[in-house]
Amino acid sequence: MRHMAPAPPAAPTALSDGQRRTLVAVAEAALPAGRLFPAAGAATVAKLEGFLAQLPDAARHAATALLAALDADALVRHRRRFASLTPAARVALIDRWRHGGLARRSAMRALITPLKVAHFDDPAFYRHLGCVYELQRPAPEAKPAWFRDRVHGAADCDGDLALDCDVVVVGTGAGGAVVAKELAEAGVAVVMLEEGRYFDRSEFNGRPFEMQRAMYRAGGATFAVGNVPIPIPIGQTVGGTTTVNSGTCYRVPDRVLAHWRDDLGLAELTPDALAPHFDKVERILGVADARPEFLGGNARVIQRGCDALGYAHRPLRRNAPDCDGQGVCCFGCPTDAKRSTNVSYVPMALRAGAELFHGARVERVIVAGGRATGVVARVRGADGGSHRVTVHARAVVLACGTLMTPGLLEANGLGGASGELGGNLSIHPACGALAEFDERIAGWDGIPQGYSIDEFHDEGILFEGAATPLEYTVSLMPQVGARLVELAEGFDRVASFGFLVADTSRGRVRQVGGRPVITYVLNDHDVARLKRGVDILARVFFAAGARAVLTPVHGFDELRSAADLDRFRATRVRASQLELSAYHPLGTCRMGVDPARSVVGADHQLHDCAGLYVVDGSAVPSSLGVNPQVTIMALATRAAQLIAARLA
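For the sequence shown, my numbering gives the first residue as 377, with consecutive numbering after it.
Incorrect hints may appear among the rest.
Distance windows between CB atoms, simulated [stated by the list, open to error]:
#1 E862 to S392: 29 to 37 Å
#2 R816 to D536: 44 to 52 Å
#3 D830 to W522: 26 to 34 Å
#4 G506 to R453: 37 to 45 Å
#5 A531 to G563: 28 to 36 Å
#6 T766 to R453: 53 to 61 Å
#7 H901 to G931: 40 to 48 Å
#8 G563 to S392: 57 to 65 Å
Hint data in this document are derived by calculation from the structure and do not stem from the laboratory.
We treat Cβ as the ideally placed atom computed from N, Cα and C, and that holds for glycine.
Please model the complete structure; the sequences and the hints are all you need to start from.
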């Protein structure tokens, strides 16, 4: 029995009437009615329009330009606008774009992906599958007096403000929060500034569409452009990306430290020297293996397939000792089980006396006599006005993240002497595969990223579980039309798993109009490793009993047999055929002892500005081949000791 689509919510207008008609026609063609689910249409577009209205102007204009291009193509081919075509002609035109060159494929993917998310973000779909649509929000946690007194939102500001402290820390993610906590506990007066909001767990409802808009920079629409477009979602909230990541914890491999020592002169960063810092971080975060009872159906089939093939596999180590497997780690943990910095290091810093101002965007680093002496931030107050927060300090720590820190330095004319600022960008290109089984998988029930295949890690390929809610998994599927709806209606029998590669490709980030512009060209070596990863994952799924494997490789959307897999292996895959994502940008202010080849020294201080430190992923010298959160935190623990000693 079909259910009625929900009435479209009131939303800001982002499209003209003509653009809206075109997008509704695209939705109807790409997402038809199924056995149980209704077709997409005006309600879907209304939800998406609310999202578009909140995007940066450039992203919104790109969406409307795509609609104009699709209309123009329909006029050229049929002398009618897209919305006036017959249903069959609409589908044919969409398929022509989907199977065309990289530009057209990418454009259609950019248009249809958010439509999929908006359409399947529907409580009736979730009820059909037997999973919870919206988590029960706990009551707001009562905050102690020291917390309430030391946390200041932008709305608290009704005029310009000037502060003095020992160290001002810009950013509260894996780098900034750790530095702030360590310094505050050492008796240093610390002020933290954060551009994003401070969310309480009572606001984490588990709805990806809503949470992504609230807690991700540009609503999650951060991309690298090059020979293949690659989304790089990053957090913009107190806790940074730690608030919205999967909680996976790896130490930096010894072979990477050897590379830093031999090629960059970082002889101090040995396994033995860093071990106490890793130990401390892991103790605070409660790092431990994912518990078996919460590994879920994805891990079950991966275990079975790996056992059949003789591959090493195991649970991942995570910073969520009290996890109950609700499966929404990337959208804010609703129980505070994941010890992201918003619930660990930031409160510890506050308890030790640090102050936090959130909703504050730092625009200027104050430099006097060749030394950093503070920063100036902008906030939008409750009165709607723009106010300045000026913080004078004996030292400045920038921890805005790999994609934002170099832009702030560049805007202030700092860190550019070597020519390395913004360069050396590594991103861990990642992809995965979905598999259709005859058994119930229920991938939403358990830890999204709780299991790994270790067999190929020394090759630079790290397999990690990667489960997302219905609307996001469907958005990753290359299919449209009836086949897509069939897969969505059988979502409880679809397994997913992912992997990343330790990239040898490098990119660059520049700041344009206050936003990061990222360029990254994927080289043949990394393309070959990505292809091998897809091949291995398909083998594991087939060995576990899958009847179809959906891949992110154009031309091989669906593998159904060993013969299909053999054909895939025999084909040369190009970067333009891959649909990728990336999650661990590093290296844009890389550390090194040679000022001609690096931005900061081994003590995290800029080579060309005393008292100015960079302590985030941008200082990490190279790709790690593992999730970098704990490595950034261990380096930040060490950096805090060095800064405290210098201030003493």
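Structure-based check of each hint:
1. A C-beta distance of roughly 34 Å is found between E862 and S392, which places it inside the suggested range of 29 to 37 Å.
2. Range check, R816 to D536: about 59 Å between beta-carbon atoms, so the 44 to 52 Å window is missed.
3. Between D830 and W522 the CB atoms are about 43 Å apart, so this pair departs from the stated range of 26 to 34 Å.
4. One distance hint, 37 to 45 Å for the beta-carbon pair G506 and R453, holds here, with the actual separation near 44 Å.
5. In this structure the supplied range 28 to 36 Å holds for A531 paired with G563, their Cβ-Cβ distance being about 31 Å.
6. One distance hint, 53 to 61 Å for the beta-carbon pair T766 and R453, holds here, with the actual separation near 59 Å.
7. With their beta carbons about 21 Å apart, H901 and G931 fall outside the hinted range of 40 to 48 Å.
8. Judged by the Cβ atoms, the range 57 to 65 Å given for G563 and S392 holds: they are separated by roughly 59 Å.
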